[in-house]
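Visitor: Take a look at the letters that make up each chain.
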Amino acid sequence: MAYDKFTVLRSTAVPMPNENVDTDQIIPARFLKATERKGFGDNLFRDWRYNNDNTPKADFVLNDPTYSGKILVGGKNFGSGSSREHAAWAIYDYGFRCVVSSFFADIFQNNSINVGILPVRVSPEFLEKIFSAIEADPKTELEVNLPTQTITLLATGESETFAINEYKKDNLINGYDDIDYLLSMKTEIEAFAETRPF
Amino acid sequence: MSTPQTLFDKVWDAHVIRQVKDGPDVLFIDRHFIHEVTSPVAFLGLEGRGAPVLFSGRTFATADHNTPTLNQHLPVADPMSANQLAALERNANHYGISHWGLGHVKNGIVHVVGPENGITLPGMTIVCGDSHTSTHGAFGAIAFGIGTSEVEMVLATQCIMQPKPKKMRITVNGIVGKAVLPKDVILYIISQTSASGATGYFVEYAGEVFENMSMEGRMTVCNMTIEMGARGGMIAPDQTTLDYLKGRELSPKGEQWDKLVPYWQTLKTDEGATFDLDLTFDAADIEPQITYGTNPGLGTGVTHQIPMADAVKDGSASYKKSLQYMGFAENETMIGKPVDFVFLGSCTNGRIEDFRAFASIVKGRQKADNITAWLVPGSHIVEKQIKDEGILDILTQAGFELRQPGCSACLAMNEDKVPAGKYAVSTSNRNFEGRQGPGARTLLASPLVAAAAAVTGVVSDPRVLMDSE
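Line by line, the protein sequences are chains A and B.
If you count by our numbering, then the first sequence holds residues 890 to 1087, one letter each, in order.
If you count by our numbering, then the second sequence holds residues 24 to 492, one letter each, in order.
Watch out, some of these pointers could steer you wrong.
Unchecked claim - The calculated label-pair distances, taken between Cβ atoms and stated as ranges, are: (1) Ala1044(A) to Pro361(B): 18 to 28 Å; (2) Asn1034(A) to Glu278(B): 27 to 37 Å; (3) Ala352(B) to Asn941(A): 24 to 34 Å; (4) Gln328(B) to Ala1044(A): 42 to 52 Å; (5) Asn941(A) to Ala100(B): 50 to 60 Å; (6) Met103(B) to Val950(A): 20 to 30 Å; (7) Glu70(B) to Asn1034(A): 32 to 42 Å; (8) Met103(B) to Val897(A): 38 to 48 Å; (9) Tyr118(B) to Ala1044(A): 51 to 61 Å; (10) Arg72(B) to Glu1077(A): 40 to 50 Å; (11) Asn941(A) to Glu424(B): 40 to 50 Å.
Just so you know, the hints here were simulated from the structure itself, not pulled from any lab data.
Cβ coordinates follow ideal geometry from the N, Cα and C atoms, glycine included.
Could you build all of it, start to finish, from the sequences and the hints given here?
Guide: In structure tokens, the structure reads:
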């Protein structure tokens, strides 16, 4: 599925300092029953965001008008647990394009890039700086620059570089996906399959 | 002499078609499992591209995640679940993919039916849109969970693009104590490494404990490897593996089997091969485990107290939030904690050995009145074994009912939901907030600990019950 190209994102950010935010919290299993990819943003963090009677929980960050933006800043080990790509879809569909954390779960990180969300891994110290900056001023802006692989706190100019392999970086910048790449090497794949013993 | 290699390197390297410069490896996938929840959007994507399924014979479909565990002969009541099941059947038929849908004699949980039918073999790469695909690593395969974009990728190209993970070896030597099951071994390891301690790694298990373990036990261990953040876990194939595989419905036969055995025997870590991280544990330190928090790393011996916040690896704030959700406090004893539900089943513990273990405790006893028990076999084949071995009679006499196969209360996508605030001792794999139903509180444990809770009505040490027999 096509996604918007990613180059430079300048935005306020939504802080979620909890550690080990798992994909069951991002999108509970009972919302995985769709056969199409649409509307998942409505159920993003469903059980943290809404009471049983579907009224919003006022103390949850997504219901607090103080915070907004296209960047979600999460605590350590963000996206652990289930492989459900629906978690990444929900984050994208809600309007986030970038998730920042000091540590991502592997499958979530892959899924994010595959749907057009940039996972930015920063040091624990820089993550604390970001949380402090947002706490001091919820309107503070971050700049995530994919071509130069840097994330900057615009108020102070403090920045850090982040890692991403060149191939995935090109994909995000150009809006390509892995399937486009793999389909171009179909003959090679078919020849390889012939050599497999099972 | 060539460089010593790990088991993981041998299998991974044999599947690399191309190494992308500054990018991931293009990895050929031998087997692909699909189910009703994470495949429909992948097929939509395929249609959108106008791409066919490249090798339909390498993909196997089974319905499991949202299937009911009662009255499977009736139409599925939940229209959205029914819609997903119908989509799986329609897509499988359209593309010529083998489909073991609801009611099929071989239907069951994907990670139970793959191995029990001989679809999973040593040396394979295996993926599925489900994180517990790591289960199949028990056979010396590289098996891991993928997202829906990757499901589409494998359908269209039989490949995925992955950077090679780092390698970790976890060695457990010694002999495990009384009532310590494979589930306890893996829960113990996760409690020591934390829920994120193996992120970025692929784990190989080594040592006497795993050498002496049955294939079903190895599956339990590899299944939960994902719960410490690892991409997957694997165990070198040995005689136990071959004995398990020989004669299974889709296992290689005759000449093909004879040709594969010598290859499979090469699938082990060479002397002198190195790992990025080597961890060693002693089997004598492991007692029957139980979790008290909201990630699988928050577990301890069943006779222990809940640790103080400053003694855990997770941040103190997250830890306290976790205990608050569970309705527990630091330093409380786990023995005697109230239990409302017991769930025996899932891709972690839904196999015949798990039912045998559960039955060994409940035999001659009665289900406690305060307990609602859901006993859910992992497949129809397991269900048949339960009946053939007389285990169903033991369960029935003790006041239990057997349900029909599926993922059930492990993730509560069907009707099997634990109500808010209630406690479930569960043989499944995740104790996340709301995992077994909104507000549900999960205590992960082995089939023996689950059985002990089921007959006493509270968290109990199965060893005490075994001693009183």
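Visitor: All hints are to be evaluated individually against the structure, with a verdict given for each.
Guide: Here is what the structure says about each hint:
1. At about 50 Å, the CB distance of Ala1044(A) to Pro361(B) disagrees with the hint of 18 to 28 Å.
2. Between Asn1034(A) and Glu278(B) the C-beta distance comes to about 59 Å, which lies outside the given range of 27 to 37 Å.
3. For the pair Ala352(B) and Asn941(A), the beta carbons lie near 25 Å from each other, so the given range of 24 to 34 Å is met.
4. Look at Gln328(B) against Ala1044(A): about 46 Å separates their beta carbons, and that is inside 42 to 52 Å.
5. For the pair Asn941(A) and Ala100(B), the supplied restraint of 50 to 60 Å is violated, since their beta-carbon distance comes to about 22 Å.
6. Between Met103(B) and Val950(A) the CB atoms are about 29 Å apart, so this pair conforms to the stated range of 20 to 30 Å.
7. With their beta carbons about 36 Å apart, Glu70(B) and Asn1034(A) fall inside the hinted range of 32 to 42 Å.
8. Here the CB-CB span from Met103(B) to Val897(A) is close to 40 Å, well matched to the stated 38 to 48 Å.
9. For Tyr118(B) and Ala1044(A), the Cβ-Cβ distance of about 53 Å falls inside the hinted range of 51 to 61 Å, so the restraint holds.
10. At roughly 19 Å, the beta-carbon separation of Arg72(B) and Glu1077(A) lies outside the given 40 to 50 Å, and the hint is violated.
11. The supplied range of 40 to 50 Å is broken by Asn941(A) and Glu424(B), whose beta-carbon atoms lie about 29 Å from each other.
The earlier numbered hints that this structure contradicts are 1, 2, 5, 10 and 11.
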